[in-house]
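Assemble chain U onto chain D, guided by the hints.
Here is what each chain is made of, one letter per residue.
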Amino acid sequence: MDQQHHHAKPQQELPKTRTIVVDYLARTEGESDLLVRVGDRDVQEIKLKIFEPPRFFEGFLVGRKFSEAGDIVSRICGICPISHMTTSLQAVEDAMGIVPSRQTKLLRRLMCVSQIVASHIVHLYMFALPDYFGYPGFVDMMPKFEKETNYFLTMKDAINNVAEQIGGRPLHPVSMVVNGFTKVPDRETLASLAEGIKSVLPMAYDAARMMSELPYPDLQTEGDFAALRKEGGEGVEYAINEGRLISSRGLNLEIHQYASALHEEEQDYAHTKKSFLKDGGTIMTGALARVNLKFDQLDGDTKKLAREMGFCVPDKNPYHNILAQTLEIYDGMIECIRLLSEIVPEKEKPQVEIRAGEGMAITEAPRGLLMHSYAINRHGVIEKANLVTPTSHNFANIEKDLRALALAYAQSDEHDALRMKCEQLIRAYDPCFSCSVH
Amino acid sequence: MVIQKKKIRLGIFKYSCCAGCEFELIFFQKHVREVFENAEVVYFRMGQSGGREEGPFDLVLIDGAITEAWQADQLKKVREATRYLLPIGSCAVNGGIPAIKNHTSELDMEKRVYQEISPIHSMKTHAVDDYVRVDGYIKGCPIGRRDLDEAFTSLLLGKKKPDFFNYSVCVECKQKGNTCVLVSYGWPCMGPVTNAGCGALCPSYNRACYACWGPMEDANAPALARQFEKMGLTADDIFRRFTQYGSPKPEFRRGAELYGSTTSSR
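Just so you know, the sequences run in chain order D and U.
Note that my numbering gives residue 140 to position 140 of the first sequence, counting from 1, and the numbers run on in steps of one.
Note that my numbering gives residue 520 to position 82 of the second sequence, counting from 1, and the numbers run on in steps of one.
Rather than coming from a laboratory, the hints here were simulated on the basis of the structure.
Worth double-checking, as some hints may not be accurate.
Stated by the list, open to error - Only some residues are given here: those of chain U computed to face chain D with a beta carbon under 7 Å: (1) Ala-457; (2) Ser-487; (3) Gly-488; (4) Leu-497; (5) Thr-505; (6) Tyr-522; (7) Lys-539; (8) Ser-560; (9) Phe-590; (10) Asn-644.
Just so you know, even glycine gets a beta-carbon here, dropped at the ideal spot from N, CA and C.
Isolated chain D (complex conformation) (with noise of 0.2 Å):
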């Protein structure tokens, strides 16, 4: 690997070939550059540089207590700690064979969706739109973009709420703990929520019709979609913390055997392991996959903003999960409004018999599927652990879509168009590397 990325040169260029560099990516999350080399018939290589440090939090979950992995592993992630919890403390519930309680899951649920509209919210306005209005960064839009800047803090402090009420803060949570939440809200808190995200989701239905007449370059991945999804049709839940895991090829399995379709192969090149499918196969996890393969379990309101915005499944277009989160957020939206009218809320008594054995669980965090499994010993001490990420999904096939839009602008003449088409794919796939490296 390149450990001297940060004063890195565009390299040497070959003869009739063009080389782009992008030194440490910006508006992602966490650190990676980028290498392309196209030839004039070819594209000679395609490098996603993931440099993020090692973490190690597979390694050092050995050891551990179970009853400290949830709040240790939120830690992998600043944006959806909420999801890595989750899918911590349903691993450790299935390893010592415990069913939490309906409301517990409602809450999970609700936790979970929130979090989803908070971090396509954040990926949106801070990373994503500069890139359509030719602007570094957000911070430089604000004093120009009155309205869309009202929008993001409007929205995003009406969301982050649920977490913070529920959770006693949006980012890294303290009331959720294996087998339940050492604190529930009452049913005010809950009704004043709601009536919080009801004033803003005219701002989301907005947001997303003004999304949707921006230009995205044309592109049509070949990756095979996957997501979580609930048996049945319209009137299921859209699958978030339970479900089978499904693609748009055909999977279709209990989650407990992912690993009979799924598997990670080490880079040289990047700390993150690359997930393929058996058949050497490459899927895209996130949005777009989820709105794809679940269309039809959307809210009715949000199908008909989907229409309005001329958004039709299946939709290949990897810049399309922009357009994918917008629906998310308004549908999340609803989904919470749903969710805090149902729940009345009763204190839980978290108790937990160890007991030893392994477990797994996967969820659908907002940038996509997140495995995790572990083994625990009778003592409650993790003896294994593994954890794959939504960006690990993903890796392999955002490289095969650089791959796709190299080949397409290799004749092109506008060097710096392609670089831009470049880095606006990786960002349209929300890649957290932080998440992916851990």
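This is chain U only, laid out in the frame that chain D set:
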């Protein structure tokens, strides 16, 4: 005091961490507009393209622990280019969660995660102040909003020293009128040795503090560790309590080493 008219030339650098403290700055806290209206963002890769890594800066915030040599190299250069430098969040302040690995050899750690370890260049986890002089700490996991506001307003007002929290979580429990979970329920609460600023969050949510803000200065960890032993915790459990956060710092290390080895065997 006069509010500074010039904008704060701000640099934000991320090392080994979850980037949560940067997300707190741009997304979770309530004063995003106010902070950035008063700042000229000179370098912040997660937030904007380009920027000038070499500064100059008025204020640099460091997110994350030091686990690779290039981070220490860059950090030293950044220190020279800024008036003030503050580590933000537990990883940068005390090593945080990434420092859990320090109690196992690097070889074992690398082997547990990668089959081919030659491309891995990780070192023991260090806090930022192991490598450069710092001008204070914005503690928390994620950073506390009140200390964040205090840092920015102090700089804008030309205050000599920001008034950061420097007492334990216990004080916040007393202020809130919480029942003491350590004394009354016998839970292994880390509150007595942990820096305040969270508003005694965990005890307010019916659980024991797990020290995510790291040690309060001069905390007496051995006394609390011995108390945990009296309460019936195993040596391993006590060791884990004092090594989840901030074990590179002497305060917690003194508690942990009574019940386990804080240095790796190799």
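Quick rundown of the hints versus the structure:
no.	hint	verdict
1	Ala-457	4 Å, holds
2	Ser-487	4 Å, holds
3	Gly-488	5 Å, holds
4	Leu-497	15 Å, violated
5	Thr-505	5 Å, holds
6	Tyr-522	20 Å, violated
7	Lys-539	4 Å, holds
8	Ser-560	6 Å, holds
9	Phe-590	14 Å, violated
10	Asn-644	4 Å, holds
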